[in-house]
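Asks: With these hints in hand, go ahead and build the complete structure from the sequences.
Going line by line, the protein sequences match chains A and B.
For the first sequence, the working numbering assigns the number 1 to the initial residue and increments by one for each residue that follows.
For the second sequence, the working numbering assigns the number 278 to the initial residue and increments by one for each residue that follows.
It should be emphasised that the hints constitute simulated quantities derived from the structure, not laboratory data.
Ideal placement from N, C-alpha and C gives every residue a C-beta, glycine not left out.
Do not take every clue at face value.
As the list claims (entries may be wrong) - If the Cβ cut is set under 7 Å, some of the chain A residues that face chain B in the computed set are:
#1 Gly-12
#2 Tyr-19
#3 Tyr-23
#4 Thr-35
#5 Phe-36
#6 Ala-98
#7 Leu-99
#8 Asp-101
#9 Pro-107
#10 Leu-118
#11 Met-252
Said to hold, decoys possible - Listed next, the stretches of chain A that the computed footprint assigns to chain B, with coverage defined by at least 3 CB atoms under 8 Å from CB atoms of chain B:
#12 212-219
#13 256-269
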Amino acid sequence: MSRAAARRVLPGFGLTLGYTVLYLSLVVLIPLSATFLRSTELGLLRFWEVVTAPRVLASLQLSFGASLVAALVNAVFGFIVAWVLVRHEFPGRKLVDALVDLPFALPTAVAGIALTALYAPTGWLGTWLEPLGIKVAFTPLGIVVALAFIGLPFVVRTLQPVLAELDRELEHAAHGLGATGWDSFRLVVFPTLWPALLTGCALAFSRSVGEYGSVIFIAGNIPMVSEIAPLMIMTRLEQYEYAEATAIAVVMLLLSFGMMLGINALQLWAQRRQGAR
Amino acid sequence: MAGGSVIAEAEAQLRDGLESAAARVPGQLGRAGLVAVALGYVGAFLVLPLVVVFAMAFSQGLAAFLQAIQDPDAVAAIALTLTVAAIAVPLNLVFGVCAAWAITKYDFRGKGALITLIDLPFAVSPVISGLVFVLLFGANGWFGDWLAARDLKVVFAIPGILLATVFVTFPFVARELIPLMQAQGREAEETAISLGASGWQTFLYVTLPNVRLGLLYGVLLCNARAMGEFGAVSVVSGHIRGMTNTMPLHIEILYNEYDQVGAFATASLLALLALVTLVIKTMIERRDPAARAARRGAGH
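Replies: This is the structure in structure tokens:
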């Protein structure tokens with residue numbers, strides 16, 4: 001007892017931890033477990049039927065596929081944005097740095113209608129893309145655009161601190177030893193950065209999979225083509241098929257929680273790797 | 278002959294200079310190219326969507342914009358959004374402070390698990406965040422009969438909207454505070470206590486001044502999400518005009534009715550809120566680089 005008491009010099013342990021656990025249970029844990037319990041009402045066979053229906057499978061495939069593509073797009077462009085923000089001085093740098101957080105602050109429905117207005121065939125960007133045969137709005141490509149918007153800050157904000165702490169001496173040394181810029185990037189910079197890059201992409205990916213507001217306007221929601229998984233839950237709910245909606249939700253929750261644990265492990269590993277340097 | 282050697286030296290210098298300049302040109306070009314790519318991406322993906330919101334809102338002139346935001350349904354939606362945020366944000370603020378204090382000021386088992394559980398709502402799709410409360414309080418939910426017998430409505434009414442909003446904005450303040458308070462350590466608080474301060478005084482006069490900017494940022498993000506939440510609220514709201522429509526839901530309805538000016542006018546108010554959030558955030562970081570460092574270290 002004495003050791004625990006010595007470590008708890010500050011008052012309020014019982015009160016703050018108690019309230020934290022109580023509030024967490026009431027708001028998050030109990031409602032979420034209720035969802036899992038309700039999904040058992042269907043029975044295993046019906047559950048399986050619901051979640052493997054072709055339209056549901058197509059939507060899951062689309063949600064995960066589009067999120068993956070968007071994460072890869074952000075891996076490339078998010079990297080360039082982070083790199084330029086940390087390494088280069090250019091007019092408007094601070095403005096760009098502040099703007100990167102816009103997808104965190106802008107409501108998803110606003111982002112959704114704005115992107116649709118831009119990429120619709122008559123929109124500012126759609127007018128230019130249409131003659132080239134590129135259709136963005138109301139196609140899976142539009143979903144990727146919306147998810148790339150949502151995911152950008154995750155990649156940039158995860159990379160930025162690691163890039164800023166990167167030891168420039170190593171690059172100078174590589175340069176002094178005759179390495180070209182590309183070699184020193186490939187052999188010195190990238191090996192330090194890629195755990196952070198992976199973590200950022202994983203965070204963006206996991207947010208994208210469940211994203212609804214920014215996607216729903218631009219997607220067009222064509223069955224088997226551009227219906228995302230959260231929309232399938234929504235559709236079931238609108239038809240008062242609660243058990244079916246819950247079954248799809250449980251599959252998504254399990255996948256999301258799995259990803260969350262994976263990301264936690266990834267972050268720990270990346271931190272340890274960075275710390276070891 | 279001395280003159281000749283000076284000229285030769287100058288020539289050699291010039292040659293060296295030209296060579297290194299030639300070597301630098303591709304580097305500079307590459308640098309300018311990278312900056313251009315970054316600016317192009319940010320311009321197309323972040324600036325244009327923002328600009329188009331305001332352009333569409335004012336596309337029929339100022340009068341049409343003003344008329345759209347003074348529409349009774351729009352006013353009701355704004356009022357509901359403000360009310361919901363005014364309740365949800367303080368609830369999650371108190372929770373966030375409690376959780377951060379418990380997690381950063383004491384050692385106990387299961388701390389890592391607790392932090393992960395606090396993050397849970399971030400991993401849940403907004404639509405599922407709404408569904409969860411329909412399953413509990415909806416007509417055939419666990420408490421559906423109990424509520425119906427007492428003529429109480431949660432789902433398709435304001436309490437449901439409030440619950441869903443509290444759920445999705447749950448982690449924001451705690452997430453912002455935990456890394457900050459972890460970085461501050463415990464010594465200052467322990468000294469205050471040993472000098473005879475009460476726990477409450479210690480928090481108010483020792484802890485709070487050190488974390489107030491981070492706390493403010495957490496509250497801002499929490500508020501932005503509370504006012505802008507769409508998916509979760511959409512599931513529980515029932516979309517009753519002038520009654521259970523928040524601003525994002527009002528936007529959706531007008532948009533689906535092809536009322537572009539109306540939809541974008543309301544959207545421009547939320548976009549303005551987002552801009553104000555970003556401006557205050559930038560000011561906070563300028564004043565307190567430590568907050569930025571702690572947050573970034575946490576990979577937020």
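Asks: Give a verdict on every hint.
Replies: Hints, verified against the model:
1. Interface restraint check: A:Gly-12 against chain B, minimum CB-CB distance 5 Å, threshold 7 Å, status holds.
2. The beta carbon of A:Tyr-19 comes within 5 Å of a beta carbon in chain B, closer than 7 Å, and the hint placing it at the interface holds.
3. Given the 7 Å rule on beta carbons, the hint for A:Tyr-23 holds: about 5 Å separates it from the nearest Cβ of chain B.
4. Given the 7 Å rule on beta carbons, the hint for A:Thr-35 holds: about 5 Å separates it from the nearest Cβ of chain B.
5. The interface hint given for A:Phe-36 is violated, since its Cβ lies 10 Å from the closest Cβ of chain B, which is over the 7 Å cut-off.
6. Using the Cβ-Cβ criterion of 7 Å, the hint placing A:Ala-98 at the interface with chain B is satisfied: the shortest such distance is roughly 5 Å.
7. Satisfaction of the interface hint for A:Leu-99 is found here, the shortest Cβ-Cβ separation to chain B being roughly 5 Å, below the 7 Å cut-off.
8. Interface hint status for A:Asp-101: upheld, as the beta-carbon distance to the closest one in chain B is roughly 6 Å, under 7 Å.
9. Residue-level restraint check for A:Pro-107 holds (minimum Cβ-Cβ distance to chain B is 3 Å; threshold 7 Å).
10. Restraint check, A:Leu-118 versus chain B: the minimum CB separation of about 5 Å is within 7 Å; hint holds.
11. Interface hint at A:Met-252: satisfied, since its Cβ lies 6 Å from the closest Cβ of chain B, which is below the 7 Å cut-off.
12. Only residues whose beta carbon comes within less than 8 Å of a beta carbon in chain B count, and the segment 212-219 of chain A has 3; three or more means the coverage holds.
13. A count of 7 residues in the segment 256-269 of chain A with a Cβ less than 8 Å from any Cβ of chain B is obtained; the coverage claim is therefore met, three being the minimum.
The structure fails hint 5 only (numbered hints given earlier).
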